[in-house]
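S.K.: Each chain, written out:
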Amino acid sequence: MMKPELLVTPTSVNDISVLADAGADAFLVGEEFFGLRLAGEFNRNDVKKAIEIAHQKGKKVYVAMNAIFHNDKVDFLADYIDFVNRVGADAIVFGDPAVLMTAREVAPDIKLHWNTETTATNWYTCNYWGRKGASRAVLARELNLDSVVEIKDHAEVEIEVQVHGMTCMFQSKRMLLGNYYRYQGTTMEIQRQGQEENLYLYDQERDNSYPVFEDENGTHIMSPNDICMIDELDELVEAGIESIKIDGILKSSQYLQVVTKAYRKAIDALVEDEDTYFDIREELYQSVADIQPKNRPLDTGFFFKETVY
Amino acid sequence: MALEQISRVIDGKRKIVKKPELLAPAGNLEKLKIAVRYGADAVFIGGKDFGLRSNADNFSIEEMAEGVEFAKSFNARIYVTTNIYAHNENMSGLEEYLEGIQGAGVSGIIVADPLIIETCKRVAPKLEVHLSTQQSLSNWKAVQFWKEEGLERVVTARETGHEEVKKMKEKVDIEIEAFIHGAMCISYSGRCTLSNHMTARDSNRGGCCQSCRWNYDLMMDTGNQQQEDQAMFTDDSSPFAMSPKDLNLIMSIPKMCDIGIDSLKIEGRMKSIHYIATVVGVYRKVIDAYCDDPDHFQINPKWVEELAKCANRDTASAFYEGTPSYKEQMYGEDNQSRKTNYVFSGLVLDFDIETNIATIQQRNYFKPGDTIEFFGPESEGFSQVVDTIWDEKGNKMEAARHPLQIIKIKVEQPVYPYNMMRKNKGKEHQTS
Ligand code: SF4
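Residue numbers (UniProt numbering), protein chains in the order written: chain A, 1 to 309; chain B, 1 to 432.
Just so you know, these hints were derived from the structure itself, not from any lab. Do not take every clue at face value.
[To be verified] Not everything, but these chain B residues come out facing chain A in the computed CB check (under 7 Å):
1. PHE70
2. GLU164
3. CYS192
4. THR193
5. CYS209
6. GLN210
7. TYR216
8. PRO239
9. ASN424
10. GLY426
11. LYS427
These numbers come from a predicted model, not from an experiment. We treat Cβ as the ideally placed atom computed from N, Cα and C, and that holds for glycine.
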């Protein structure tokens, strides 16, 4: 069995070394100006440092450029891609074809991972972006396990799947929080830095809490639960999924360390000897459940859920 | 696009020679025909598969062919939306389906998923391929990408503004279609899975249940286990909501024509024939008037009022004219669909010029004494009070009570088949 890469999104440069030691094989970093919903803000210097540290430890770093770009940002793409290429990033993650077009001009050899999140839903389209230059497709989280495996079976590109953490359910370009405050008469301006991270929308009917935040890409609403597939990894790994991701958004660095370690153990056990994995998986699950923040129940996302339409 | 290709001086008067296409929605054949009669240059419809709006009535291949035939006689074109993001299991049947659409004589399809784009190019090459707004296309470089992929047209994201579209038009030689009227997502299209999470319905395959329009409580987690989470609203304010006002770009039509946007699109395949007739009718007049004499053009306030008569929400210009503030959203009571004062109450079938008697198919209750108005593509419309109502046999009736019943009334000005009659509820005749 091939060992999938364990990809983690770190909250800061300081995480790189500890998470590498905890067992991460690769990191996704970047800045809000170009990337969506990152666990931490990495300016150019941070990206450079992250790559140095990771490469020393034999780990990879991917840089996020998967925002939806408007004309005003197109002019900044070439310079950033050139920078990312020069500092030796292992790949650029994109959703907007403008990034692909610019990369062809500026850094034709850099690897590209296609990630629009919601729209990677069938194998043909993954391969389509492969023919356009992507070496990897990051699948939509709204797919069930059978679909994921089927895509992998037909894929001519690497397949990356998120197995842990929060997911995005909604992105609007509108400033929905700011608008709501202004509608109410500005009395609730939030000033303290970091406070925004703790806002959520409470859905009385479903008794769910959806984290919500605003940044320069608009308003983002996140899933009420954290995916946790640590005890259900066998089919994904057997199918040969190349990369499994732990998303660290709105999580602490300590949390990420524990979870990364647990997944490391799970993957190693699984590849070594499936029975060991089956013996320890409940324990591993429990170790994650024990440190879940309040309001963040674990579930299995859409892996075992059917959607209708 | 060069400006001289858009307008030219003819007999001493400047005219817009590159008139944009007016593109209307239709959920069934009746609506399609109304859209065309009221002046749509093209109509987009949904088929049985591969389109969003899985609960709108949709066209079979035979109905598409009939729609195409009808549209042809008015020189109008038909497009079919096939804009889902397909899952593996949706892939089978696609080829036959696209061949069927091509066979029906449809002009093009509106697509989001490259699977459908490439399959169409392979099996149904006569169809034009238009990129759906589901791709949230927001910059000229991405437009360039789709141009190089061989697409004939792209629909811009609803988040793009006038200057952005202008630049796309200048930088890339491709047709651009932009929304001008109707309801819209508050999220970037294609980037919302609220319904998937809340109700297990896949929004990107047409299952959206508009979870964005529900109410939520905005709360703050204080980070302190001992302390309760804090409500970010007061008792007398409305809950957090994400309902955008509907799009209405009547005021922007002139500048949209000036930059050579190729197609102006009205949303609403689920909407009634009354809605389609009203909205298409108004925009037809605006586009024609502007293109005929752009230098002396003025918006007729009547057109603006007319649009409001079929609106069930307040409207705004959204991103086309800048970043929308809270004023372009609806909270609390306003968040509920609001009915206008006007109700569609009859469709004109015939008119006798000798007797001034109109034959009308009833669509909603009305009675003598009610104030009604007629409108249609032939005239600016007029209003009058209902006098006697007769049934088909000439018997006097107390009121027109039965849906689709054929009745006759005297009208004060000529009317034409397919003209519509609406009642002003605010001026209903009180009998008691
Ligand atoms: S929930 Fe709202 S924003 Fe999301 S897809 Fe549906 S209508 Fe659009």
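S.K.: Work down the list of hints and note, for each, if the structure agrees.
M.R.: Taking the hints in turn, this is what the structure says about them:
At about 30 Å, the closest approach between the beta carbon of B:PHE70 and any beta carbon in chain A exceeds 7 Å, and the interface hint on this residue is violated. A least Cβ separation of about 5 Å between B:GLU164 and chain A falls short of the 7 Å threshold, and the interface hint therefore holds. A hinted interface residue such as B:CYS192 counts as satisfied when its beta carbon comes closer than 7 Å to some beta carbon of chain A; here the least separation is about 5 Å, so the hint holds. With its C-beta approaching chain A no nearer than about 5 Å, B:THR193 sits inside the 7 Å limit, and its interface hint holds.
For B:CYS209, the interface hint is violated, the least distance from its beta-carbon to any beta-carbon of chain A being 10 Å, above 7 Å. Given hint, B:GLN210 at the interface with chain A, is violated; its Cβ is 12 Å from that chain's nearest Cβ, farther than 7 Å. A hinted interface residue such as B:TYR216 counts as satisfied when its beta carbon comes closer than 7 Å to some beta carbon of chain A; here the least separation is about 4 Å, so the hint holds. The closest approach between the C-beta of B:PRO239 and any C-beta of chain A is roughly 9 Å, which is over the 7 Å cut-off, so the hint fails.
Look at B:ASN424: its Cβ only gets to about 32 Å from chain A, farther than 7 Å, so that hint breaks. Residue-level restraint check for B:GLY426 is violated (minimum Cβ-Cβ distance to chain A is 29 Å; threshold 7 Å). The restraint placing B:LYS427 at the interface with chain A is violated, with a minimum CB-CB distance near 34 Å, outside the 7 Å limit.
Checked against the numbered hints listed earlier, the structure breaks hints 1, 5, 6, 8, 9, 10, 11; every other hint is satisfied.
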